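Asker: Protein sequences appear in the order of chains A and B.
The first sequence begins at 1 in my numbering and counts up one residue at a time.
The second sequence begins at 1 in my numbering and counts up one residue at a time.
It is worth saying that the hints were derived from the structure and are not from the lab.
There's no promise every hint is true.
In silico contact screen, one side only, chain B against chain A (beta carbon under 8 Å); selected entries [claimed, not checked]:
#: 1; residue: Pro-12
#: 2; residue: Pro-14
#: 3; residue: Leu-18
#: 4; residue: Pro-19
#: 5; residue: Phe-53
#: 6; residue: Phe-57
#: 7; residue: Glu-59
#: 8; residue: Ile-60
#: 9; residue: Gly-75
#: 10; residue: Pro-77
#: 11; residue: Met-80
#: 12; residue: Tyr-110
#: 13; residue: Cys-113
#: 14; residue: Leu-116
#: 15; residue: Cys-117
#: 16; residue: Asp-118
Computed from a predicted structure; not experimentally measured.
Virtual Cβ for every residue (Gly too), placed ideally from N, Cα, C.
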Amino acid sequence: MQIITKNWDKINPLDISSYIRQRGYEALQKVIRGWTLEQVVAEIKKSGLRGRGGAGFPTGEKWELAAKTKADQKYFICNFDESEPGVYKDRTIAEKNPHQILEGLLIGAYAIGAKRAFICINGHYEKSAEILKIALEQAREKEFSGKGILGSAIDIEVKIFEGAGAYICGEETALLNTIEGKRGEPRLKPPYPPVSGLFGKPTVVNNAETLSNIPYIIKRGAKTFSQIGSSISPGTKLFVLEGAVKNKGIFEAPLGISVQELIFNSIYGGGLTSGKEFWFAQIGGASGRLMPKNKLDQPLIYGNCEYPLSCGSILVVDKSVDIKEMLFSWASFFHRESCGKCVPCREGTYRLWEIAKRLKNNDSKGCDQKNIEDILWTLSNTSFCPFGNFAAIAWGDAIKMFRKEIFN
Amino acid sequence: MSLQKILLQFEPKPENLLPALKEIQKENKYINRENCLKVAKYFSLPLAQVYSFASFFDEIKLKKSGKKIIKVCSGGPCMMKNSTEIVRQIELLLKIEAENDAHPKYKLEYISCRGLCDRGPIVMVDEQVFEKVRPEMVDDIILNYL
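Chain A with its partners taken away, still in its complex shape (with noise of 0.2 Å):
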């Protein structure tokens, strides 16, 4: 089932008429031309999307509660701040489909009510950012952005605002920050962005991968889209496989997939890498949950479950690896990127790295075990965000699975 890589190989991204030519812009005309902004909301909702970025809220839910909110002024913003440890389909789809994105983003904006759009891109994406730009180039001279879209009365202008590489940026509300010259640190929530957001106004934020599913939507109806993958949480979903399996790379597959079927058919992973085995699956990147072997039949979903699909990333790690690299690796990315705003997040990734150095040249004291406890435990008790949650995340799967091999 492909909704998003679908015609990645029969589009050029620098050129909007290869993009034409397989229906692009055609959801976005269907809107302008026939539809109410009630009516894209609704539709939206019935599919029941739900964001691709990690925490998988409800996109329909976001557009609705920010097109209903009145104010002078809306603004709608793609999130492309892509930087958890391992994961580039937002970057992927840039360079194989970029005008998904920015239909998806044209439609949202129109169904909110907004007038004004960005495109906020990681800073290292430079590669991304340029891709975008002359596909906006393209779209505003067709008229599908701009002022009078296709010839009616909306304007809708969007903006290419590139970040300076902070992983925290990603978060929706310390991007937001960025925008308007601030520190990139989280603000405290409610209220949340669709009710008060860039600027105090309303705003929805989505990830790219999400907008890049709302042609399809628009065109094939909510009812086809909510019957592809899980009921809970229908549509496709774009994986990153990496670590010790045989094809590496993007693979879109239905919601509700297990990591053994990604891992192990051949139209995904196929297998391990030889002579390699399996020892467990990291899912969602550096701030994701460790998976051993008997739960790797568990269905990835949106939604209540044990192991968070997150930003769809997959790490296969096999017994070679040794775990105390892998603790340094997590701690040295959260305690290079926590923002500094709150003092469990900052001390704690600090002292966390600090151990996990003490563990890699084999030099642990005799209350690190205790105190990485105590640090883990304020870590998702008493940070400000979700951020310290996730650096708490990894390690506290690896010290409970993995204790004898860690303190040997």
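Since the structure of chain A is provided, determine the placement of chain B on it from the hints.
Answerer: Then chain B, alone, in the frame of chain A:
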């Protein structure tokens, strides 16, 4: 290009503060106090806000650094493609220690994921990116690009 000329490319709106700072850095390698003051004036912001904003990002430099910086990705996928061995090689070759600022000319840093996992492990010398680096390539990179 003069600072004023760079600034004039941007409307003095909050959303242009980061793009303007990045552009100034591209031209001057770092943003000194004098230029921060000019930016603050242009955007009608207090100097403190410009500083607090600019200093938030690792990528924005407020001080001159004469050092060559070698960066190695510490992400899981790059690590599983042997980035640890690459770090060890660089440490041996340059007689430095990762994340230690002591050497007068070089610094070895870990960096966060650049979304290039499919082309990892990733090594950078200043802004130059090297993909699919194998330990035996380290000598070459250091010799030719440092």
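Asker: Next step is simple, just say for each hint if it's right about the structure.
Answerer: Each hint, compared with the structure:
About 10 Å separates the beta-carbon of B:Pro-12 from the nearest beta-carbon of chain A, more than 8 Å, and the hint is not met. Annotation: interface hint on B:Pro-14 holds; nearest CB of chain A at approximately 4 Å, less than 8 Å. A hinted interface residue such as B:Leu-18 counts as satisfied when its beta carbon comes closer than 8 Å to some beta carbon of chain A; here the least separation is about 6 Å, so the hint holds. Interface restraint check: B:Pro-19 against chain A, minimum CB-CB distance 7 Å, threshold 8 Å, status holds.
With its C-beta approaching chain A no nearer than about 6 Å, B:Phe-53 sits inside the 8 Å limit, and its interface hint holds. The beta carbon of B:Phe-57 comes within 4 Å of a beta carbon in chain A, closer than 8 Å, and the hint placing it at the interface holds. Given hint, B:Glu-59 at the interface with chain A, holds; its Cβ is 4 Å from that chain's nearest Cβ, closer than 8 Å. With its C-beta approaching chain A no nearer than about 6 Å, B:Ile-60 sits inside the 8 Å limit, and its interface hint holds.
About 4 Å separates the beta-carbon of B:Gly-75 from the nearest beta-carbon of chain A, less than 8 Å, and the hint is met. Proximity of B:Pro-77 to chain A holds as hinted, the smallest CB-CB distance being about 4 Å (cut-off 8 Å). For the restraint placing B:Met-80 at the interface with chain A, the shortest Cβ-Cβ distance is roughly 5 Å, inside the 8 Å limit, so the hint holds. Look at B:Tyr-110: its Cβ gets to within about 5 Å of chain A, closer than 8 Å, so that hint holds up.
About 4 Å separates the beta-carbon of B:Cys-113 from the nearest beta-carbon of chain A, less than 8 Å, and the hint is met. Interface hint status for B:Leu-116: upheld, as the beta-carbon distance to the closest one in chain A is roughly 7 Å, under 8 Å. The beta carbon of B:Cys-117 comes within 5 Å of a beta carbon in chain A, closer than 8 Å, and the hint placing it at the interface holds. Restraint check, B:Asp-118 versus chain A: the minimum CB separation of about 6 Å is within 8 Å; hint holds.
The earlier numbered hint that this structure contradicts is number 1, and it is the only one.
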